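**Student:** Listed below, chain by chain, are the residues.
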Amino acid sequence: METLDAVQAVLRERMSGLICPELLGFENETKTLHDVIERTAAFGESNSILLIGPRGTGKSTLLKKILDDLNKDKRITRNLQTVYLNGLLQTDDKIALKEITQQLELENTVDGRVFGSFAENLRFLLDSLKSGDQLSSKPVLFVLEEFDLFAHHKNQTLLYNLFDIAQSAQTPLCVVGLTCRLDVIELLEKRVKSRFSHRQIYLFNKQSFKEFVYVFQTYLQLNQDKTIEVKDSKFVKKWNTEVEKLAKESAMLDILRRQFNTNKDIRALLNLMVIPVGRLSHTHQYLLSSDFIDSFRHHSIDSKAAILHGISVLELCLVIAMSHLNEIYDGEPFNFEMVYNEYRKFSERRSSMQKFDRAVVMKAFEHLQQLELIMPLDNSSVRIQKEYRLMALLLDKSQILETLQKYPNCPTEIKQWAQSAVLT
Amino acid sequence: MSSHNVLVSDKQCPVHCRDDQYYLLKSLFGQNEQHTVGSVFLYGTTGTGKSLVVNNLMHTLQVPHVKLDCTEFYSSRVLYEQVLNNISMQNSDQDSSNEAQSTPMRCDNMNDFVKLLKSTIDHLDLTNETLYIILDKAERLRDLDSNVLPATLRLKELTKCNVCVVLISEIVWEKFQGGTGLLDPFIIHFPDYNKDQLLEIMTLDTPEGHTREFYSAYCNLVINIFMVVCRNLNELRHMALLNFPKYVQPIESGECTHKDSRKLWRNIEPHLKKALQTVYLREVSSTQWEVMQMDTGGAVVPATPSHTARQSLELPFYSKYLLIAAYLASYNPAKSDKRFFAKHSGKQSKRKIVKHERTSNQLLGPKPFPLDRLMAIFYSIVEGKVSATSNIFSQVTSLVSLQLLGQIGKDVLEAPKYKCLVSLDFIKQIARSVQFDVVKYLYDFI
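Sequence lines, in order, name chains A and B.
Here this note's numbering is used: the first residue of the first sequence is 1, the next is one more, and so on.
Here this note's numbering is used: the first residue of the second sequence is 1, the next is one more, and so on.
Read the hints as simulated data drawn from the structure, not as lab findings.
Please note that a few of the clues may not be correct.
For each label pair, taking beta carbons as the anchor points, the in silico distance ranges come out as [to be verified]:
# : chain 1 : residue 1 : chain 2 : residue 2 : range
1 : A       : Thr227    : B       : Lys195    : 53 to 61 angstroms
2 : B       : Asn86     : A       : Ile185    : 41 to 49 angstroms
3 : A       : Met375    : B       : Gly179    : 13 to 21 angstroms
4 : B       : Lys195    : A       : Glu249    : 36 to 44 angstroms
5 : B       : Arg106    : A       : Ser197    : 39 to 47 angstroms
6 : A       : Ala359    : B       : His59     : 33 to 41 angstroms
7 : A       : Gln370    : B       : His59     : 22 to 30 angstroms
8 : A       : Gln81     : B       : Pro104    : 29 to 37 angstroms
9 : A       : Ala119    : B       : His59     : 38 to 46 angstroms
Taking beta-carbon pairs under 10 angstroms as the criterion, some of the chain A residues facing chain B (in silico) [claimed, not checked]:
#  : residue
10 : Met15
11 : Ser281
12 : Arg358
13 : Lys363
None of the values given here were measured: they were computed from a predicted structure.
Beta carbons: idealized from backbone N, C-alpha and C, even for Gly.
Given only the sequences and the hints, what does the whole structure look like? Please build it.
**Tutor:** Next up, the structure:
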């Protein structure tokens, strides 16, 4: 059905983070940032500001909404130039400068010109942005995502120059930095810090459970705010009613409550919605709470226990031997020989299992290392034979005991060995 | 002649015993034009069918995709160039007249990569379909530059294109997290196969001329022996196929029929036990193993120690004593030399030596010793008079190049230090050949 395809397409776009229906709770912050950018764009004032907040609170979304809003004013669109930089992409100031040149579309002016310093280059670029009359330059908005990564560049040249120009009021410049590090100011050098205006907006997720449920609803409802996403309005009306009913169901609220208590992040909520949306089809036209229950169960798998479930019996014996060694010697590191010694004592004493050769046990040991359940403690530059390298076990005793409960066809003697009190 | 192909693929039928994961991924990917989540992370122990399911799905859905193994990426540049060039290569069949696509693209930083990826997608008209980038052994991405992993997970957002990155790994996601935080992908776990599932999959390899039930019974035997040690499906399949000719040998030579399971079991059991010690450890290669099977005919293969390759080492007489002296020097504390090797050891202390299991040198490993100490012990254990000629010292050097001794430190002229790298079993063998009781001289065995 075409309608269902359209519904899926819209919901998938929302879940992959491309579209955000509504951003709750940041009215003050929105107003502040909006004013700052508008003043640069309309009146040529220079500004610098930082948006700080943990990951997933909506910094980029907020900025995007403000810019979309501002672009509705034709005067601003004509004048304001925007440069988008990202700390993950531009890992070096040279690359950043190239990117700025490209985004401001100034390649023709730069061709053939050779400059000494970064500052001269940047000043030349910004001077090239003169509008009609010689007196005024066009305002430029610099958006720096992952701002803290720019602070790791050599001498923080880019940041210094941007803040310097912003402060000396030559070209109207607005620098907006987005970062997840709350201590980003500490990363700046003294000379950079002094040129920064110290305006910071903090975004924290202060949603209550009610607002959380409301956000959940808005993400699933269609054709809100008079935007037509799906054409079949009868189906959309029924769909929206079903979503509202779903959000009031006790099973659904239970799942949402558990999700809210674990992780308030919007991205985790979107991950929860992926499986139910994927199940929509001809026969399954509306979202049900059972879908969400399955989805929640899928996301709450204990990953280490799941990996432990798949190791062989010999490897399990080695893990138990290591856990015993940790108990006897209070967590001091061990090497393969010690583990093998412990295993041999067990297999001679109690087990009716086949006794394995040292080399076979070594292969099992190396498999555990490959799965990163054990790790060498020293760096590999010191050459020690692999049997004598000191290792540490990255598992807890409780995790091991839990695995033994669920392990298929676990020999009882191994279970008893694991649970036995260790005598020094 | 081996008539089996170890790498039998399951491409004709949908993936066995992986229905849940297959259909989950299929519903996740949806239709070609629709957006998927930005990144997907698949994890599970070795041999649980992760790559197989993804490859199968890509083939069925016929979407543009790139499959890469991260072990090849010794630098991030290789990652960028491989992705870009593979995309152009796979999708340029439509436009073979364009010469620009024949030159491989160069790219050494993430910024250029994102731009080139966007332009390649536009150029090849793939904007309507989701492009899948599949990275196997994804744990290696952590070892590249620190911005590679975070940026790869955000590729959809950075390129603003319909891209989905699929990461496949054996390591759990918690070990990937680091830095200031990553965009968490959609995580799917691939559970290990239980015994019935293993049997079902291994039965698919039934060679021609035998029934599935017969091969299934044989696989049951193999699994029972090997499963305690290893649950990796690839290893088990390889072992089963490799030993099958030996299993059916009595049938072919006419000694028994298909129904005589007991006789067949008695024939194959010692053989499989031996395989556990040789081919499983890859001390003998698969082709050598096949030859060995044919040579011994129908007789039961006598059990030989697993170090057959190492035992064949023949050393000159003084080298053997030098090696024994080196072992004693490594594994005995220096203070005990006096009581073992001095002619008149004086009064033995009546105090009992307290030994802890943990400080046993056998468990801690060999300790380095100077050359003087080695020569002192050597002169004391060797029978007869030996003069300190350069022959003896050159034998020490040849032991180092055979990697039976290891040289510690850079100082070769003044005070060279060595360490003994052989195991107790090996030294016992050597000592037996010169009739020297080495255990009597070891501190740990008093």
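**Student:** When the structure is checked against the list of hints, which entries are broken? Sort them ascending.
**Tutor:** Failing hint: just 9.
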